[in-house]
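Q: Residues per chain, in single letters:
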Amino acid sequence: MSDFVANSDEALTSGHRLRRLQRFRANRPLWIALIPFLFCAILGVRTSRFWNQQDSNAYQALIENIEDQGTPTDQAGYAAWYREHTSSQGTADCLDALAIAAAEIAFDPKIPWVGSASSRGNQEFDRETWAEEPQAADFLQRMRPLIDFIETNLASHPAPIRVPIRWTGTNTTLEAFQLHRTISRILALDVEHALYHRDAERALRGLREMRTTTKAFDSNCFMIGSLISMACEGTERTMIRRSMATDLWSEDQLASFASTLSEQAEFNAPWKQAVQSETIFMIEALKSLKSGDESALDLHTLERFPPVGRWFLEDSTSKAKLVDFYVKCSQASDLGIEGLQARLEKLTSATYPKSSEFVEPLARLLCASFDGFGRAWENREDERRFTLTAVAIKLYQKKFQRWPTTLSQLVEVGLDREDWTTTIEEPFGYMLDEDSVVVWTHPSDSNHYSVRPSVPKTFEDALYESPNDKSEKVATYYVRIR
Amino acid sequence: MSSILSIPMTRLLWKDARILHPLFWIMTGLSLAFHLYVLCMVEDEHVAASIASLLLVGMPFMFAFGTGPMLISREKELGTLSWLKSMPIRPTDIFASKRIISLFFLVLTCCVTYLLNWWLRTARSLDHDYTPTVGIVLGVFGLESTLWELCFHSFLQSMLIVFVSLFLAWRFHHVLIGLAIALPLTVSLLYAWLVPEAMIDIALRSVGSNGFEFPARGWLSVGTCIFIFGWLGWRAANRYLADSEGSGIWTALWTTQWTTQRAKAISVSTSATAKGLWTMNRVAYAPSSALIWQFTKQNCWLVGISLCIFAMLSIGAAIVDAFAEHLDEQRSRVFLLSDSTMDTISEAITIGSGLAVWLGCCWLGVSTFQSDAVGRRRGFFAERGIGKWTVWWTRQMVPMSCVAMCIIVLTFTSFFFGFPATSIPGSRMVFWSLGSVLGILYSLSQWCSILIRHSVVTIVATPVISAGLLGGLIGVMLFEDRIYWIAASWIAIPLIASFCATRAWMDNRQGVFYWVIQAAFFGLLIATSGWGLLRLVFSQTIAPRELAALQLEANQLLQQPGSQPLRIPSPQEYLRDRALAREKEVAQKRIVEGSRELSEQTTTTHAAKYFESVADFRSYMEYVHGRIERKLAAQNSDYRPIYWPDPKLFRLLISEATLDRLAGNLESYQKNVRLIDFLAGNARHSAQLESQDRCDVMDLWLLRECRRSDAKEKLGDALYTSIVFRVSDWESRMTARREAVLVSWASAEKNNIGKESWQSSFEMGGYEIFSRSGNGTSDFLLQETKFRRMIRANTRELLACLEDRKQGLQVPSDQDGVLAEQRLQLLRRIGAIWMGLGRSYFEDTARTIAYADAIEDFDFMRQAEPCGLWFGKWEDEAMRLRRTIVEVTDNE
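Those sequence lines, one after another, are chains A and B. Take the first sequence: its letter number 29 is residue 29 in our numbering, and every next letter is one higher. Take the second sequence: its letter number 35 is residue 517 in our numbering, and every next letter is one higher.
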């Protein structure tokens, strides 16, 4: 009996153990499923952080490298730089001119150069017919105090005079920079009006004021600012070219124009300055993404990218890649202006190809279009050479009392071969046409444009259809010299 | 191991070589074809370099994946291995022969691929370039910097894959299943190696070291993995071929313990526990492979269809990527289709791809448990003592592998046709995002398949339910940044729930408790993602207890006289009221027809489209002023006139005044300045934030004029004093701004929040906040979030502004409390409006007029920091001028 009890106890104990074992075995898959999951989840997060940390270190190294070169990497630092390099007194004094320019933009007086009337920049200079001349005369009469103000005040202030800016990353408002251009355009209208009435003194004064304005409102510190400075320069050069059709200038005046145009403007420093400012905008935008303060990004931009979309850019590798791209763009100017656009295009497509839109949409958005900016610099140089060639032809004619038969004869007035070719080494077109000559050029990427007559007889012939909008004509360089 | 030259070994090697050589030839042929394709067809150098790198690594990898299934699974399927087991051949020889032949052919494949790659790179002069795709694989062990390192590393990793494949293949009886499962499993195992590496790195960094980073780290990782998988493969082979539990101390201990437990259990077994004992003592490897095979046979149609859909997706994505982006010009020639047709096709493929991934993934999930539920097969398994865990994971294995494979293939596909990138974050992001979406869809679907018992209903309902839940989840993710956690929980919880359901089914427990548990899992699922949403909602509102008092307070505030805007006559009304037939006719023509001739007449004065001259505009303003005066007198109330100044007119007046001053025309100058002062003073009462900003610009301009040394002479004493006193009245300015904030936000609230149909633009105080498109749920949540975020930002800015002004004005200390109280009141008013008061109150009075022209053109004046007039100094300057006037008056 006692054996039976003992055996029973032992059996019960064994049964109890067995049930526990069974329970354990029955639940084992659950533990097996749960424990690795938790383990992997924790480690996954840690791994992700580890990855991010690694890339973050690389990103920080790039930023520190930029800082080591003495460049501010935040907008507070850059705002201080901007203030230091701006003539505050000059800006305060010139707010009147800017305010007038702002009003003229808003009211659109519908006269060439200043308003939305058809631009005379894309027409040959015509001394016979100018329908808007009375309105232009009224307008200039009203603007006379401003023009006098520019002549007396603008040159006396230390440059540069710049529009004050509140810094908000990529959302920084730069529209006010357009006002510089409006002032140049008002002056261009004055020159046009003077040429129309063959008033050489007023035309010369207008051209001088245009140059003063461009120099005073030196905006070569952002991409947009540089483009506006280029536009101001372009307006001045257009007016010089248009004046070649009037036979208004003496040999000395033409030599003076040629001398001014022979100076090749500095390229490397403004380029680096512009890329640097864009880098700061971009870094501020990245910071704002991280902090949740969206003031440094455009709201319309963010609308397309909810937090899930922004996740792609919060990856440190993406950020490091973006900064690295900007650094490389900054260095692209070291090889000179020739082929700048092609180099930048290659760099952009290698770093952010079209297919990356899906993966790195915000990175692509923050990736400034430096290739287009490079193209603008090339165009600026082309225009300088073209205007110089036009002036040199007229100078040749004044000097030798005949037109040069080929452009190579311009060496006799001090030009080199480089001066009558574009940055892609394509020579300008040249044609003798009765009592005048015609010079023209092609867009640098003419393969993308419509075919036009090889020898354009009129300015209209020399215009190309835009590849994007067939109804739009793209301006090329064309001038008739009389 | 016996000598390689022994007769049995030689025979084994020959047999294995005969089995494996077709795979080698297939891979060689494919490699040649791909290289020729790149050489002849791919024009872009970057793409060519990218694909070349991919081939360099990818071809040996693909061969390595196939070795295990070809050499082991196929022999198991054909019964060759069983026959070999009966022969007097040592298991180690069998397995060694397979390894030797695998490595031999791997070396051959690598040589052929590397030679072809070298030839391609030389012929095309390609740069060394990595693709993101290569990065995915190599990213596991780090990227190499030179081509030789890439070659060597790819060979090492291919060798590792051979060992992984030879280990995994012992679990599968069929070559195709082996291939289908081995590929994703191998890649997953490679990625899993990152986890211990990260742990080591974190541990090392935590003790101050530089982490797990040294030159040979990659080689060490690969070497360790090769050793581990080599040992695992040998153990698996031993278990199969020699019926051994394995080797080593751990196995010996485990076997001893197991045997002891089994002996004890059998000694006390009863009929009641017999089934459990059978289950407990089942042969470890017996049912798993059979169950996987059975599942595949049962669900081949559904799995096949789903895989076809996935294939469509991949091809669709490739076509869209290839033809929509990189071959724009060629596509019309190839397909003889117009651009618009191709765009339509591309869009259709894109949409079709999305539908394909959705349906394919959901149906793979449905296939998991559906056939078992219909046929009560789980009960059948339970009665035969097959474990619940075994049933669960064998059901999951094939579809889950398909999903994993599709994620990998899609990640590769999305970059195969793209240009190369220098780093791999993109591919990692694609991998994780695709993995999250497909993983969640699959996980939810397989859960649905176990809960819904009718097959047709399941197939139809599951995609809808899964998509609905996923859509809601994405909506929730808009509020949350912790999407990794949410995605992980949404994948894991349904899997755990389906395992619990499987257990319950196999134990025949399908009562109320079963449904309660499942409902609890669903609640947990919602809770994990809903927390952020709830937190957001609660963080935006104020405590209900204060609501009634705040509503009352805000109501009283808004009902005060002067808070209600008074509409002023428009220029059209003005012109009509003048009752001058000619002018009316001219005005009508100008407004309605926009006659060019008439508009050209206005160029002398440029007074926009309504007025012919500044004098005309001035006349209009005087008319408005008089009319409002009369109206106020008639109503005997203190309604404030509110102007909605056109920025163009302001600009005109400023320009005219400036030109007058420059020209020395003082009379006209004073007239214009007076008008500007009049307009700015009245527009200050506007409830539009934009108008307040515009008034600030006007005040700033007037202040600049007053700061001039000859301002008194040019403006006259009376006008000068009036302007300075008005501009320096900061209290009135801030009150007006606060009310404008109140009204503008309420207006925005009333007009946009909670409406079924949304406006095309979204305005607050005259400013457009954002535009929107679409009416989807996630879009709604997105806009709501942005609006709230905008309000928060504005509140912060306004408070900061008040704080700055307080410091800038140097208000005496006894007024600090007053300002703090005002700030508090402002916050409470805003809160009250948020709670809904504004919606009803502003039904009729709120203004939503947006001006086409913003004030950017004048923004430079507001930002005139170099002139020292804006940031914190404006009020100082105004107060200084005011004090000067007061002092002069007192002295007199």
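Because the hints were derived from the structure by calculation, they are not lab data. Accuracy of the hints is not assured; some may be wrong.
The calculated DMTMM-like cross-link candidates involving lysine to aspartate or glutamate, where the alpha carbons are at most 25 angstroms apart (straight line), are [claimed, not checked]:
#1 A:K287 - A:E67
#2 B:K1153 - A:D148
#3 A:K346 - B:D1372
Beyond 10 angstroms from chain A on every Cβ pair, some chain B residues (computed) [stated by the list, open to error]:
#4 R603
#5 A718
#6 N1164
#7 V1368
Backbone N, C-alpha and C define an ideal beta-carbon position, used for all residues, glycine too.
Q: Determine for every hint whether it applies to the structure shown.
A: Status of each hint after checking the structure:
At most 25 angstroms may separate the alpha-carbon atoms for a hinted pair to count; A:K287 and A:E67 meet this at roughly 16 angstroms. Between B:K1153 and A:D148 the CA atoms are separated by roughly 23 angstroms; this keeps the pair inside 25 angstroms, and the hint holds. Taking the CA atoms of A:K346 and B:D1372, the gap is about 73 angstroms. The hint is violated against a cut of 25 angstroms. Separation of B:R603 from chain A is adequate, the least Cβ-Cβ distance of about 17 angstroms exceeding the 10 angstroms criterion.
Remark: the non-interface label on B:A718 is consistent with the geometry, its nearest Cβ contact in chain A lying 19 angstroms away (cut-off 10 angstroms). The beta carbon of B:N1164 sits about 21 angstroms from the closest Cβ of chain A, which is more than 10 angstroms, so the claim that it is off the interface holds. Consistency note on B:V1368: stated as away from chain A, and its beta-carbon is indeed over 10 angstroms from all of that chain's, at 26 angstroms minimum.
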